[in-house]
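Taking the hints into account, I'd like the entire structure generated from these sequences.
Using this note's numbering, the first residue of the sequence shown is number 1, and each one after it goes up by one.
If you're looking for bench data, these hints aren't it; they were derived computationally from the structure.
Check each hint, because a few of them may be wrong.
Stated by the list, open to error - In silico DSBU-like cross-links for lysine-lysine, where the CA-CA straight-line distance does not exceed 35 Å:
#1 Lys181 to Lys171
#2 Lys175 to Lys215
#3 Lys85 to Lys6
#4 Lys175 to Lys105
#5 Lys246 to Lys89
Stated by the list, open to error - Now the in silico label distances, taken between C-beta atoms and shown as ranges:
#6 Ala203 to Asn112: 30 to 38 Å
#7 Gly100 to Gln15: 19 to 27 Å
#8 Thr204 to Asn228: 23 to 31 Å
#9 Gly44 to Ser126: 18 to 26 Å
#10 Ala8 to Arg256: 43 to 51 Å
#11 Gln15 to Glu81: 48 to 56 Å
Note that CB positions come from ideal geometry on N, CA and C, so glycine has one too.
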Amino acid sequence: MADEAKDADVALAAQLHEDGWRQASVFQPPPDYPIPAELAFDGGEEYLVACTQSCSLVSQNFERDPLVEFLIARPVSSYAEDDEKATGKNVRRYLLPVSGIENLKALECDVNRRFFLDRRLLAGQSPDPRLIPDSRARRQFGGWLGRYYHRVALPNELGRRARQKLWPSLKRLMKAQLAGKKVHENVDTIYLRWTPDEEADEATTYELEILILCKTAEAQQHIEDELNRKLGVFEEKKGCNGIIVKSQALVGPETRLRDTEDFCRFSDWDYWSGLEDISQAADRS
Numbered sequence: 001m002a003d004e005a006k007d008a009d010v011a012l013a014a015q016l017h018e019d020g021w022r023q024a025s026v027f028q029p030p031p032d033y034p035i036p037a038e039l040a041f042d043g044g045e046e047y048l049v050a051c052t053q054s055c056s057l058v059s060q061n062f063e064r065d066p067l068v069e070f071l072i073a074r075p076v077s078s079y080a081e082d083d084e085k086a087t088g089k090n091v092r093r094y095l096l097p098v099s100g101i102e103n104l105k106a107l108e109c110d111v112n113r114r115f116f117l118d119r120r121l122l123a124g125q126s127p128d129p130r131l132i133p134d135s136r137a138r139r140q141f142g143g144w145l146g147r148y149y150h151r152v153a154l155p156n157e158l159g160r161r162a163r164q165k166l167w168p169s170l171k172r173l174m175k176a177q178l179a180g181k182k183v184h185e186n187v188d189t190i191y192l193r194w195t196p197d198e199e200a201d202e203a204t205t206y207e208l209e210i211l212i213l214c215k216t217a218e219a220q221q222h223i224e225d226e227l228n229r230k231l232g233v234f235e236e237k238k239g240c241n242g243i244i245v246k247s248q249a250l251v252g253p254e255t256r257l258r259d260t261e262d263f264c265r266f267s268d269w270d271y272w273s274g275l276e277d278i279s280q281a282a283d284r285s
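Below is the structure:
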């Protein structure tokens, strides 16, 4: 019996793969599909988009990967690549570009309308063949999800103070040019560590460590120099805007695990790098 069940799972996994199930697959379920009522799914208008990674969606091991995650998306008739929902800057909503249905340019995905189902319920179901995102759209959708799942939860007060001057200064540094490229193209990722790790009153100063992992020694030296120049006011004894900063740049390939111990990946870094890179960077963290 165990062998028969395993053979059935292998056959179902092969069928899911053949049917085209992948991350970002678009699905319009039948009326009796078990979608949580509190999500108020409109079956006449809305779609489901698969959030689960492709390898897990078609895995032969249903004990290890028993569930599939979907989110609910509504159709929209216009799409602009520079819209914050298209670039991934909106953490909660993302425009997934699609083609195949007249006057339907994208699906607005809502990360707060996600739910899980038994993966075996995909048996006999197929993604909508008219709405197949291209490979770039799939990668960017995965990157947007990765940003949501891996974003750093800074204390609100620290985030408020940093937005006044620190983040704009750091962003200008990353947008500058270095050897024919923007500086951020020479950076793998940015890590943060801070104390206290709680909401502080106005009299309390946050101590924030910034660690930038660079792709080359040239980039590392340039960024070290620019950090000293642009963030110097934050690194003085009293700091600035209630934050004292200690910053460092390292060459990524030479970085040891202990160098990043207790650090968290800086989620806003995703605003300055491509969505397609986010999932890989999150994996490295």
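Verification of the hints:
1. Lys181 to Lys171: holds (15 Å)
2. Lys175 to Lys215: At roughly 16 Å apart (the allowed maximum being 35 Å), lysine 215 and lysine 175 satisfy the hint.
3. Lys85 to Lys6: violated (42 Å)
4. Lys175 to Lys105: OK: lysine 175 and lysine 105 at ~31 Å, within 35 Å.
5. Lys246 to Lys89: holds (27 Å)
6. Ala203 to Asn112: 30 to 38 Å: Cβ of alanine 203 to Cβ of asparagine 112: about 36 Å, so the range 30 to 38 Å holds.
7. Gly100 to Gln15: 19 to 27 Å: Since glycine 100 and glutamine 15 have Cβ atoms about 23 Å apart, the given range 19 to 27 Å holds.
8. Thr204 to Asn228: 23 to 31 Å: holds (26 Å)
9. Gly44 to Ser126: 18 to 26 Å: The hinted range 18 to 26 Å holds for glycine 44 and serine 126, with Cβ atoms some 19 Å apart.
10. Ala8 to Arg256: 43 to 51 Å: holds (46 Å)
11. Gln15 to Glu81: 48 to 56 Å: Violated: the Cβ-Cβ distance is about 36 Å, outside 48 to 56 Å.
When held up to the earlier numbered hints, the structure conflicts with 3 and 11 and fits the remainder.
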